Amino acid sequence: MSIKTLEKVRKRLEERPEELKRAREDGRKVVGWVGYNVPEEIIHALGFIPVRIAVGGDDRLVEVGARYASSKTCVFIREIVGAFAENQDPFIQQTDFLAFDATCLQNYRAAEVIEYFFKKDVVVLGVPRNFDWDEAKQYFAHEANEFTRLLEERAEAPLDASRLAESVALYNDIRKTLKSIYVFQAAKDNVISWEEVYDLIQAGELLDKQEYLSLLQQTLAELQELQQNPVIEGDDGNSRLFISGSLIPRGDRKLIGIIKSVGGRIVGDDLWSGILPHLDLDIKEISPAGVALAYLNRTPHAALPYLDLASDKRLKKLHELLSESKAQGVIYHTLRYCDPFTFKAKETKNVLAKSGIPLLEIHTEYAGSDYEAMKTRVEAFVEMIKIKSEITEEEGVLADA
Amino acid sequence: MGKQLFRYSEENKEKFLESDNISFNDGSVVTPEEIWHYLTVEGPKKYPGSFEVNLYQGNRASRDETLPTSLKTHYLGLTFSDRMEKAKDRGKSIAFIQGGQAVDPYTAADTIALRPGLVNQWYGGLEHGNDINKANLRRRKSKEKAFHDMSFEACQTGGYEHVQEGDLRIDVIAPYTVLRCSDVSYGVEAHRHGPKKDVKLFNVDYPLRYQADKPWAIEYFAQNLRRLVGTLDEVTGRATTEEDVTKAIKLHNEGRRLGTELAELWWSADVPPTNSADRASLVALGNLEVHGDVQASLSVLKEAKKFIAERVKNGVKGHAVIDNPKRIFILGSCVGINGSRSEDAGAIVVGRDDQWSHCTSLVEEEGDPYYNLAKTTLEYPYEQSIEKRAHWTIEQIRKSRADGVIFIHNWGCNTQAAVARPIVDIIKRETGIPTYIHERELGGLQHEQEQNRVNAFIEML
Chain A
-15 MSIKTLEKVR KRLEERPEEL KRAREDGRKV VGWVGYNVPE EIIHALGFIP
35 VRIAVGGDDR LVEVGARYAS SKTCVFIREI VGAFAENQDP FIQQTDFLAF
85 DATCLQNYRA AEVIEYFFKK DVVVLGVPRN FDWDEAKQYF AHEANEFTRL
135 LEERAEAPLD ASRLAESVAL YNDIRKTLKS IYVFQAAKDN VISWEEVYDL
185 IQAGELLDKQ EYLSLLQQTL AELQELQQNP VIEGDDGNSR LFISGSLIPR
235 GDRKLIGIIK SVGGRIVGDD LWSGILPHLD LDIKEISPAG VALAYLNRTP
285 HAALPYLDLA SDKRLKKLHE LLSESKAQGV IYHTLRYCDP FTFKAKETKN
335 VLAKSGIPLL EIHTEYAGSD YEAMKTRVEA FVEMIKIKSE ITEEEGVLAD
385 A
Chain S
1375 MGKQLFRYSE ENKEKFLESD NISFNDGSVV TPEEIWHYLT VEGPKKYPGS
1425 FEVNLYQGNR ASRDETLPTS LKTHYLGLTF SDRMEKAKDR GKSIAFIQGG
1475 QAVDPYTAAD TIALRPGLVN QWYGGLEHGN DINKANLRRR KSKEKAFHDM
1525 SFEACQTGGY EHVQEGDLRI DVIAPYTVLR CSDVSYGVEA HRHGPKKDVK
1575 LFNVDYPLRY QADKPWAIEY FAQNLRRLVG TLDEVTGRAT TEEDVTKAIK
1625 LHNEGRRLGT ELAELWWSAD VPPTNSADRA SLVALGNLEV HGDVQASLSV
1675 LKEAKKFIAE RVKNGVKGHA VIDNPKRIFI LGSCVGINGS RSEDAGAIVV
1725 GRDDQWSHCT SLVEEEGDPY YNLAKTTLEY PYEQSIEKRA HWTIEQIRKS
1775 RADGVIFIHN WGCNTQAAVA RPIVDIIKRE TGIPTYIHER ELGGLQHEQE
1825 QNRVNAFIEM L
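Protein chains in written order, with the working numbering: chain A, -15 to 385; chain S, 1375 to 1835.
In isolation and in its complexed conformation, chain A is listed as follows:
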């Protein structure tokens, strides 16, 4: 069963670069943003067209990027740098300037390298590492104001509070609708897959926001028509998997494809490139600082260290999402040299083991050379979860008897 709106989304994505080109000819400016704490609403409210720069899966571009940012930088960052070097990506081509945040240090370094080698105008938002301190919030509020000032300079106009309120309302609606859609992919007899929802989330990084909301609402309406009451059940006969770890951007579908090919079913994620950034974003005050602080108060990115394991919001959120999606195992995806996530792989595995949730770490890059090795490991993991599930079921039957 296919959702008709998804076809429309794909078509609109194909048309989007040309549309951006025309918009620029009409005087609009396109802002390419990279990061986890970039308050996109501010960019939008200033009349810019925000597009997220997140490309992956192209080993050749990784090699190109390594010439500028070294082969020791994370694969994702190398590909972004490579994409700027080649300037063939239709979205990168349309960017007038860039907005980065300093959440991940490698991200920050990419901003410096892109600025230096490719002469791109880059605005960087500083992000505090002691993010839970009051002083850190004050610092971040100042940074948000400064970030806004730099954008206003480029917009040649001040930020209008009512425009910001409109943007916040629009983005809130998008987040709310996405969350509603997300439930359907994890449900029993699902009419939309996690992969389709994931693509839909990433489409929103590029499409016009108003139109995107409308497409999401159409998708939700279709889903509600096809499946009125989505129910998430744990033992639906599938190996229900959850993906965590390093981001999986557009263009990188290696691991996702492998999971599907060996019969695993993804039912949830906490990826930086997935649903996570859209969750728990509660904007209490319509101001640059208010918006930015709402971003900082979400589940923190793994690049921001937190020193108390017991109260770690990231792990708490992971548990919560695992419970909601009724996932039976976690595939923890780490990209080569992606330190924020690789450093935490073993710890996350140990933490989840206490809750009886198995974790498989897949450490990879964008080359195809490890495809079979990954497939063997994922297949074994999926098989293990199936067997575990069958044993649990048998034990349940015996207990009932």
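Take these hints with a grain of salt, some might be off.
Which bits of chain A does chain S cover? Going by a derived footprint, with three or more residues having C-beta under 8 Å, they are [unchecked claim]: (1) 56 to 68; (2) 118 to 132; (3) 322 to 334.
Treat the hints as calculated values from the structure; they're not laboratory data.
In this text, all values refer to a predicted model and were calculated from it rather than measured experimentally.
Ideal placement from N, C-alpha and C gives every residue a C-beta, glycine not left out.
Given the coordinates of chain A, assemble chain S onto it according to the supplied hints.
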């Protein structure tokens, strides 16, 4: 067959005995007689590896014996582990910190601050009788523990392997995080899942991107420093005052001034007054933290400056330095080349940016000491934008009259690796000096491949 060991020659003893005592933080002193005894009797027994004639530490069987401070830095290095153990026995607090940061707040809070290299040195010295290879194997084995518990792609591991194994009595892990390195912040965080729950963890959050001109960033970092001192006080049980911090700033400024003057004196000489290793060990004293004892470093530094001034005045050439060596400047964090082997190939190392950047950064002594420290730290040349950092580096290269530049980064050091290329590009473009980028392994014995590349570069120069 035993390893061939270097021995200090008795003919230099008399002159050495005329030199100054070393004074320590706890008020104790060690006399040149005691140092001589240690270096000739006790030291070779405890640490034969340090006296081994080995390509790793140079293929010549001698050191600069006529430079007393060279022997003293050797002494301080060899006794480091014992001194840290004794400090702990006396109840002294010890903190793990980042390389590339000053230690004024830790000194103010009566805490010994050890960067990763010093933590490794402490661990290395706990076992006696090892030759170079055995000592290195022991270090590698320990590091594997951290790789296993964190990531094999780690460069810095926040001292995890030593602290969590219970090998070193470190009280608090409190580095300036993300200053020049990202791994160390993940290393600090990793301690939260280790078995040792009594070690305190603290991130001194160094904000990024052109923050030195932003009052709110300076204030935020100052607040981090205030909280750092509060955390250190929780360990020591004392109450560090602003006056203590100002006093520490003045003390460290004295070290930084002397270190800078010593380096500039060295650069001013027509012939290099010391070899690469001695230059590095003396200039490093300027930050006063290198031997885990601020006063000891200061006392050797003061004497060193006197000796170097005398050598420069008399045109004395450093030991084993060839005539007209090619002058090399090294860039990058936690790196270096084999000085004596490079000297054999016709070069001399005339400077580094690492450790030097903050040695040249004096802190304002009047006003709020935390704000002053924060402002200076955010202004470290090493931490600025690519262009700013490159231009400061060019200035140092010109002052040192370097003929070539090598940017080295350790395997897994994404933060420095990412900017190596643009920085050397600017240097090459603006000075015309040849450069190359070199990747190496942190803490391993330096391989032939590395020296081959260095030697080829020297030959090209």
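Check, residue by residue, whether the stretch 118 to 132 of chain A contains three or more positions whose beta-carbon lies closer than 8 Å to a beta-carbon of chain S, and give the verdict. holds (count 7)
Check whether three or more residues of the stretch 322 to 334 of chain A sit with their beta carbon closer than 8 Å to a beta carbon of chain S. holds (count 9)
When I compare C-beta atoms, does the stretch 56 to 68 of chain A have three or more residues closer than 8 Å to chain S? Coverage by chain S holds here, the residue count being 4 at a Cβ distance below 8 Å.
In this structure, every one of the numbered hints holds.
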